[in-house]
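J.: Each chain, written out:
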Amino acid sequence: MKRFALILSLVMALAAGFGCAKKTADSYDDGLTPEMRAAIQQITDARVYFAFDKFDIKPEYKDLLRNKADLIKKYASIRVRIEGNCDERGTQEYNLALGERRARAAYEYLVTLGVNPGQLEMISYGKENPAVQGSGESAWSKNRRDDFRVVAH
Amino acid sequence: MKKIAIFLAFGLWMACTDAAWAALRVDIYGPGQNIVNLALATPIKGAQNEAAGMGQNLQQLVEQNLNILPFMRLTSPKAVLGGTLMAGYEPPNFDFKRFQLAGSDIVVTTFWPDGDSGTKTVQMRAFETNTGGRLFGKVYERVTSKDLPEVADRFCADLLEVLTGNGAFFRSTLAFVKKTGIMSANVWLVKPTGRDLRQITNMPGEALSPAWSPDGRFVVFSHIDPKSHALGIWDHSNGKVQRIRFPGNVVIGPAFMPDNKVAVALSNGKYPVIFQLNHVFQKERVLEQSDAINVSPTFDRTGTKMAFTSSRLGGPQIFLKDLGSGSITRVSKNGSYNTEANLSHDGTLVVYSRMTDFGHRIFVQDMITGAERQISFGPGSDEQPSFCADSYFIAFASSRGGGRGIYLTTRHGGDAKQVPTGGGLAAFPRWSMPAAQK
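Those sequence lines, one after another, are chains A and B. Those letters in the first sequence? Residues 3 to 155, by our numbering. Those letters in the second sequence? Residues -7 to 430, by our numbering.
Simulated from the structure, these hints should not be mistaken for laboratory data. Since this is a predicted model, take the numbers as computed values, not measurements. Worth double-checking, as some hints may not be accurate.
Unchecked claim - To list a few chain B residues with every Cβ distance to chain A over 10 Å, as calculated:
#1 Q51
#2 A71
#3 P196
#4 E198
#5 L200
#6 S201
#7 G208
#8 K232
#9 V287
#10 T301
#11 S303
#12 L315
#13 E375
#14 L417
What the hints assert, rightly or not - Under the rule of at most 27 Å between Cα atoms (straight-line distance), these lysine-lysine pairs were calculated in the DSSO-like manner:
#15 B:K219 to A:K75
#16 B:K325 to A:K56
#17 A:K64 to B:K262
#18 B:K232 to B:K171
Note that the Cβ used here is the ideal one computed from N, Cα and C, for glycine as well.
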């Protein structure tokens, strides 16, 4: 009986431990205010898309970048990596260069809008990191893009 | 008068020798490439005594090697009346007539004087069947079963050199990348025959564009991880891999120059610029820059000519720069998307891939005649062509078999043969430069 009580208390202690862990995980303390978390979401969610073999920012993405610029300027601790990507049709080495140009186009636009260059970094993945698998214009058009990733806050 | 007679006799002898030699030369570079019929005599360890152990294995390896050569037709043993098992391995105990009658131009004999098991010596000879003249002979000592592939490669390299003037193909090793997932690829090596397959890097991230140093010590490559581009360097002398970062965002398409220095496209302001690095992989000088993308440098064996891809006219096209004078000429004149140039070692040809409605195809531009020729026709996409040091064979990546694999063709095109790479998606084949390592 005594042994049973001991085991029971051990199980309860373990359960309590797991409960605590879950609670901690649920209330994941990343130091972010809800507003900042929403800002990060806005910065990372919306992508900029490009035409084939082009790296100029289309007019329809300028408002989106303006919004990102405002948010990045508002939160000076945020650091954003702009990731340039291409579709599968081009060749790999040229696409790495093209992806860099796409990332740089967004970078330069954000900087002209007053974003501190120290808050931005760039990388090109060429066609190595497609957002969508498959061939055809519907997949290709989704892969010719800039992704925005918050890497520090 | 006596002197004249001696000169005449000497001249006649030289002419006869040259005539026999000329008949056996294979002009792999000209448009009318001829076919050579070659027979393999049964390997022997004594008169009429077949070598069935290592002898048989070596015979198979030589046969596999020679089957890769597009200008070589192997004579079926069944076509040789009286069979290919001979009393000897050279005249006078060798009957050339039966090989002549079978249509063979050349016959190869293999003799194992001390038997063919354990560690033994093997003698290999190649003869011209019409005259019985020996083209060359080689002795390989202390041969074990493990050495047989190397013996086969060395013999075939020498045979190729006698016939075409260049045996680089069988002395080369291909570096290539094998992809294992999204943003995951490592560098491997393999002989063009598919032998000696091995992985040389094991890094998270994606390796691209491997390139050999002329002395065979290093393989450099672009390496991309989620955060950065870098120059990867594998050192053959110790098997170690370094990852060197540069200021800026890109490290694209490194290539070695003949003096063992690396050229690579790096960021420098708005566009990638082709830099030459010094021997410790630091920026030394700009090889090419403009207000456009400039990537994928490739050099002839003198290092005075550089082909590269540039978007200076809008879409990507191939250009050739004379590094002495600085003059630049456009190489690719057709199509709107030409990339991945590779300059032949003799500097006369540029091979590149062109985007078509059916995928990429490989084209060769003759820099002397100005003629362009399509040498690959799919299906799938044919990319990343690379010249062997003989300026004849071309390796490329193709998706014709479903997943991407490495294939071999020649400057004249023709049927492509796949290089076995042990499964998985293989791309970016690049040849070592054995001529420079001699």
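J.: Against each hint, give a clear statement of whether it holds in the structure.
T.: A quick look at each hint next to the structure:
Under the 10 Å C-beta cut-off, the non-interface status given to B:Q51 relative to chain A holds; the minimum distance is some 41 Å. Against chain A, the non-interface label of B:A71 holds: every CB pair exceeds 10 Å, the least being about 46 Å. Its beta-carbon lying about 13 Å from the closest one in chain A, B:P196 satisfies the requirement of being farther than 10 Å from that chain. B:E198, annotated as away from the interface, has a beta carbon of chain A within 10 Å; the closest lies near 5 Å.
With a minimum CB-CB distance of about 6 Å to chain A, B:L200 fails to clear the 10 Å threshold, and the non-interface call is violated. Remark: the non-interface label on B:S201 conflicts with the geometry, its nearest Cβ contact in chain A lying 6 Å away (cut-off 10 Å). Look at B:G208: its CB is around 23 Å from the nearest CB on chain A, clear of 10 Å, so calling it non-interface holds up. With a cut of 10 Å on Cβ distances, B:K232 stays outside the contact zone with chain A, its closest approach being about 25 Å.
Here B:V287 does not stay apart from chain A, with its beta-carbon only about 5 Å from theirs, under the 10 Å limit. With a least CB separation of 6 Å from chain A, B:T301 falls inside the 10 Å interface cut-off, contrary to its annotation. For B:S303, the shortest C-beta to C-beta distance to chain A comes to about 8 Å, within the 10 Å cut-off, and the non-interface label is violated. The beta carbon of B:L315 is kept farther than 10 Å from every beta carbon of chain A, the shortest such distance being approximately 20 Å.
Some Cβ of chain A comes within 10 Å of the Cβ of B:E375; the nearest lies about 6 Å off, and the non-interface call is violated. Listed as outside the interface, B:L417 is consistent with that label: its C-beta sits roughly 12 Å from the nearest C-beta of chain A, beyond the 10 Å cut-off. Straight-line distance between C-alpha atoms of B:K219 and A:K75 comes to about 23 Å, which keeps the hinted pair within the 27 Å bound. Between B:K325 and A:K56 the alpha-carbon distance is near 21 Å, which keeps this suggested pair within the 27 Å criterion.
Note on A:K64 and B:K262: the hinted pairing holds, with a Cα-Cα distance of about 20 Å set against a maximum of 27 Å. With a CA separation close to 20 Å, the supplied pair B:K232 and B:K171 stays within the 27 Å bound.
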